[in-house]
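Number of protein chains: 2
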Amino acid sequence: VARTGAARPEEIRRHNLGLLLEQVHRDGELTRAELTQRLGLNRSTIGALVAELTDLGLIDERVPTGNERAGRPSHVVAPRADGPFAIAVEVDVDSVVTAAVSLGGEVLARYDHTLPVNGTTPYDIAERIAADVEDLFASLPLSARSVGIGVSTPGTVTPTGGRVEHAPNLEWRNEPFGTILTERLPQGIAVSFGNDANLGALAEHLRGAARGFHDAVYLTGKIGVGGGVIVDGKLLSGAGGFAGEVGHMLLDPLGPPCHCGSRGCVETYVGEQALLRLAGRTVPPSRESVAEVVRAARAGEPDALRGVRAVGVGLGRTIANLVNLLNPQVVITGGSLATVLELSRAEVEHELDVRAMSEARRTVQLRTAGLGDNSSLIGGAELAFGPLLADPVGTAVPPERADRRLERATRAAI
Amino acid sequence: VARTGAARPEEIRRHNLGLLLEQVHRDGELTRAELTQRLGLNRSTIGALVAELTDLGLIDERVPTGNERAGRPSHVVAPRADGPFAIAVEVDVDSVVTAAVSLGGEVLARYDHTLPVNGTTPYDIAERIAADVEDLFASLPLSARSVGIGVSTPGTVTPTGGRVEHAPNLEWRNEPFGTILTERLPQGIAVSFGNDANLGALAEHLRGAARGFHDAVYLTGKIGVGGGVIVDGKLLSGAGGFAGEVGHMLLDPLGPPCHCGSRGCVETYVGEQALLRLAGRTVPPSRESVAEVVRAARAGEPDALRGVRAVGVGLGRTIANLVNLLNPQVVITGGSLATVLELSRAEVEHELDVRAMSEARRTVQLRTAGLGDNSSLIGGAELAFGPLLADPVGTAVPPERADRRLERATRAAI
Numbered sequence: 128v129a130r131t132g133a134a135r136p137e138e139i140r141r142h143n144l145g146l147l148l149e150q151v152h153r154d155g156e157l158t159r160a161e162l163t164q165r166l167g168l169n170r171s172t173i174g175a176l177v178a179e180l181t182d183l184g185l186i187d188e189r190v191p192t193g194n195e196r197a198g199r200p201s202h203v204v205a206p207r208a209d210g211p212f213a214i215a216v217e218v219d220v221d222s223v224v225t226a227a228v229s230l231g232g233e234v235l236a237r238y239d240h241t242l243p244v245n246g247t248t249p250y251d252i253a254e255r256i257a258a259d260v261e262d263l264f265a266s267l268p269l270s271a272r273s274v275g276i277g278v279s280t281p282g283t284v285t286p287t288g289g290r291v292e293h294a295p296n297l298e299w300r301n302e303p304f305g306t307i308l309t310e311r312l313p314q315g316i317a318v319s320f321g322n323d324a325n326l327g328a329l330a331e332h333l334r335g336a337a338r339g340f341h342d343a344v345y346l347t348g349k350i351g352v353g354g355g356v357i358v359d360g361k362l363l364s365g366a367g368g369f370a371g372e373v374g375h376m377l378l379d380p381l382g383p384p385c386h387c388g389s390r391g392c393v394e395t396y397v398g399e400q401a402l403l404r405l406a407g408r409t410v411p412p413s414r415e416s417v418a419e420v421v422r423a424a425r426a427g428e429p430d431a432l433r434g435v436r437a438v439g440v441g442l443g444r445t446i447a448n449l450v451n452l453l454n455p456q457v458v459i460t461g462g463s464l465a466t467v468l469e470l471s472r473a474e475v476e477h478e479l480d481v482r483a484m485s486e487a488r489r490t491v492q493l494r495t496a497g498l499g500d501n502s503s504l505i506g507g508a509e510l511a512f513g514p515l516l517a518d519p520v521g522t523a524v525p526p527e528r529a530d531r532r533l534e535r536a537t538r539a540a541i
Numbered sequence: 128v129a130r131t132g133a134a135r136p137e138e139i140r141r142h143n144l145g146l147l148l149e150q151v152h153r154d155g156e157l158t159r160a161e162l163t164q165r166l167g168l169n170r171s172t173i174g175a176l177v178a179e180l181t182d183l184g185l186i187d188e189r190v191p192t193g194n195e196r197a198g199r200p201s202h203v204v205a206p207r208a209d210g211p212f213a214i215a216v217e218v219d220v221d222s223v224v225t226a227a228v229s230l231g232g233e234v235l236a237r238y239d240h241t242l243p244v245n246g247t248t249p250y251d252i253a254e255r256i257a258a259d260v261e262d263l264f265a266s267l268p269l270s271a272r273s274v275g276i277g278v279s280t281p282g283t284v285t286p287t288g289g290r291v292e293h294a295p296n297l298e299w300r301n302e303p304f305g306t307i308l309t310e311r312l313p314q315g316i317a318v319s320f321g322n323d324a325n326l327g328a329l330a331e332h333l334r335g336a337a338r339g340f341h342d343a344v345y346l347t348g349k350i351g352v353g354g355g356v357i358v359d360g361k362l363l364s365g366a367g368g369f370a371g372e373v374g375h376m377l378l379d380p381l382g383p384p385c386h387c388g389s390r391g392c393v394e395t396y397v398g399e400q401a402l403l404r405l406a407g408r409t410v411p412p413s414r415e416s417v418a419e420v421v422r423a424a425r426a427g428e429p430d431a432l433r434g435v436r437a438v439g440v441g442l443g444r445t446i447a448n449l450v451n452l453l454n455p456q457v458v459i460t461g462g463s464l465a466t467v468l469e470l471s472r473a474e475v476e477h478e479l480d481v482r483a484m485s486e487a488r489r490t491v492q493l494r495t496a497g498l499g500d501n502s503s504l505i506g507g508a509e510l511a512f513g514p515l516l517a518d519p520v521g522t523a524v525p526p527e528r529a530d531r532r533l534e535r536a537t538r539a540a541i
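If you read the protein sequences in the order shown, they are chains A and B. Counted the way this note's numbering counts, the first sequence spans residues 128 to 541. Counted the way this note's numbering counts, the second sequence spans residues 128 to 541.
By construction, these hints were calculated from the structure, which means they are not laboratory data. Be a bit skeptical, because a hint or two may be false.
[What the hints assert, rightly or not] Below, a list of computed lysine to aspartate or glutamate pairs in the DMTMM-like style, where the Cα atoms sit at most 25 Å apart: (1) B:Lys361 / B:Asp209; (2) B:Lys361 / B:Asp500; (3) A:Lys361 / B:Glu149; (4) A:Lys361 / B:Asp359; (5) B:Lys361 / B:Glu156; (6) A:Lys361 / A:Asp251; (7) A:Lys361 / A:Glu149; (8) A:Lys361 / A:Glu138; (9) A:Lys361 / A:Glu156; (10) A:Lys361 / B:Glu138; (11) B:Lys361 / A:Glu138; (12) B:Lys361 / A:Asp480; (13) A:Lys361 / A:Glu161; (14) B:Lys361 / B:Glu161; (15) B:Lys361 / B:Asp518; (16) B:Lys361 / B:Glu149; (17) A:Lys361 / A:Asp209; (18) B:Lys361 / A:Glu188.
Computed from a predicted model, the values in this text were never measured in an experiment.
Whole structure, please, built from the sequences with the hints as guidance.
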């Protein structure tokens with residue numbers, strides 16, 4: 128019931144360190160004057176915070192990257208090039224991506240693997256990730272420090288333990304994926320988990336098409352359909368971290384059967400399987416078959432175009448429901464739904480006109496994902512950076528101690 | 128994008144004053160020891176905060192109301208009996224209630240008026256409220272101080288200006304209700320506005336069946352169907368304050384036509400009009416006709432029972448959608464939907480079993496409103512108390528100055 132407890136003076140400095148680091152992590156290069164203004168603190172306080180984050184090896188001051196301004200450039204505060212990195216993992220139905228992402232959001236290295244669509248077990252995927260993490264460590268300088276691993280999964284998952292409650296398109300139910308994975312990783316690395324669409328929403332909010340919006344929805348279409356909701360600048364997680372299951376919201380109680388056991392779920396109208404069916408294709412969904420329909424629709428083939436537009440109607444109805452409930456400033460679509468929005472915006476907008484309450488409908492913007500197909504991966508990195516940004520002092524490993532710790536961890540993994 | 132700005136030491140005291148007052152406002156009587164524990168502050172700080180709020184005329188220390196403990200009772204901190212009060216107004220389709228509510232949530236006085244169902248203008252309602260506010264002031268001691276007026280409206284409304292964007296069952300569109308009302312009230316009184324279901328959610332969260340839950344949904348059935356969502360302990364308002372329009376979420380694209388212009392909205396399945404239709408009644412919805420169906424259903428009349436159960440199916444589908452999207456800890460139903468939940472819980476639970484994702488479904492609780500039919504009214508009072516709780520120092524009028532100010536305001540109103 129209570130709001131967060133009363134603020135204690137001794138907590139303020141650490142909170143402010145986190146705020147400053149977060150600004151720099153998100154925007155890359157900022158002058159002290161900009162930081163002073165954003166944080167509403169005086170110059171000497173900003174100076175002290177910058178000094179402390181510099182000592183922690185997290186930021187440094189340098190000449191800005193761009194060169195547009197005449198005269199002597201003023202220094203900017205920026206994430207340290209050899210600062211800590213996050214390992215982001217995106218598990219999808221037919222692929223696994225493992226990447227090192229720097230403070231500031233740059234992808235330093237990445238491995239992409241395609242997997243068979245059917246029958247992949249949590250053990251297969253954990254082995255693959257563990258091997259890639261080992262390769263990543265080997266490819267980076269020994270001084271590199273990892274803040275941890277953030278894993279995106281295509282289903283409902285517990286945030287800390289990584290128990291996959293239900294990943295329907297992997298056909299996993301109640302799998303202790305987190306335990307299986309952690310056993311195969313170097314000891315002492317923090318591993319956290321999130322639903323792919325939730326993490327996509329987080330990343331689009333921080334660095335993509337929903338940047339600067341406090342209330343946003345992200346929808347992504349793959350074989351499954353997922354959603355993530357940003358409320359008041361924060362990811363909506365719900366009571367147990369399972370919020371955002373837009374794919375299984377009802378559009379019609381007598382609609383097509385859904386693999387979840389219900390009927391007429393959003394997924395049966397706007398998922399990739401629906402796209403193929405509505406476009407008259409009889410092939411199973413895969414990257415290739417979906418790409419073929421999209422190419423055909425772009426080229427004006429009537430069946431493909433009809434399919435995309437029918438999905439557009441379902442997408443419009445889905446968005447109308449979300450607009451009525453959540454009144455977001457912006458709705459972002461990713462995956463195949465980005466293409467659907469692009470090619471059938473008229474159908475989507477028409478459904479919104481008919482079904483969404485007028486004031487909320489008038490103000491909502493529809494956009495395609497700003498991070499393309501990387502939203503969930505970048506969201507995984509943001510998840511891993513979370514504890515560092517919340518409390519840099521309590522979390523960061525100063526450079527001189529990090530080397531040995533990492534070396535041990537890497538040896539343990541070999 | 129940024130979290131709230133960096134905390135400044137000089138803001139902490141005022142923030143903490145608000146936190147302490149909020150605890151006492153919500154829970155009535157608390158010992159200093161309880162306050163020390165809840166706020167995580169030391170005893171001397173709590174002592175100073177209590178002294179300052181006492182000087183402001185907001186709280187006092189007294190012997191607790193109950194008498195269960197043996198020995199000398201320790202004093203408790205409690206809202207001051209003659210402390211500031213809020214004026215709560217609930218505008219409904221066929222009624223207006225105006226009440227004085229004390230710090231601590233006690234209704235000190237209230238006026239209930241029934242209005243004709245059709246053709247009531249914003250002017251009629253504003254006149255009624257202004258007369259009742261005048262009577263309230265006259266009925267309370269001259270020393271009573273008002274923090275302002277919180278108005279609950281059955282439609283979408285802008286929080287500060289009180290422009291009613293759409294109140295479908297009053298047939299108001301874009302009405303400057305706030306301006307019309309404020310012109311008729313004593314000068315200088317703060318007036319704020321909220322959607323009835325949003326305010327109901329707020330009140331149920333603070334004092335009703337959702338108390339202690341951080342993630343909750345409140346649904347209320349009258350002629351219209353409204354919703355309010357609590358996320359992370361706060362009311363979800365959305366970009367423009369229009370969130371929570373559950374009544375116009377889609378349950379079936381080819382369903383019955385809705386007065387909003389769409390088809391198959393939640394309201395056409397679970398509103399009072401739907402209840403009467405599904406129970407085979409041909410009378411228009413009114414308090415009496417709905418009460419008759421409820422009585423008949425309780426008595427086991429087959430048509431009435433069938434109607435209530437059909438509404439239960441629609442309610443279950445609506446709740447399943449909300450559980451999938453929001454993963455709330457609890458869903459509260461009020462108005463006619465409280466009765467529907469009571470009489471057709473099996474239908475509601477069955478739809479949840481079929482349509483809601485398992486983990487979120489397993490943990491959600493379904494409850495009827497704890498404040499009965501007063502949720503929105505009490506929510507109006509909470510709205511009016513908001514500024515005082517956020518900053519008691521900047522908002523409270525000390526007792527000695529209040530008398531004159533109120534006297535002037537009351538004279539202006541006469």
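key: Hint check, failures only   = Violated hints: 1, 6, 12, 17 and 18; rest satisfied.
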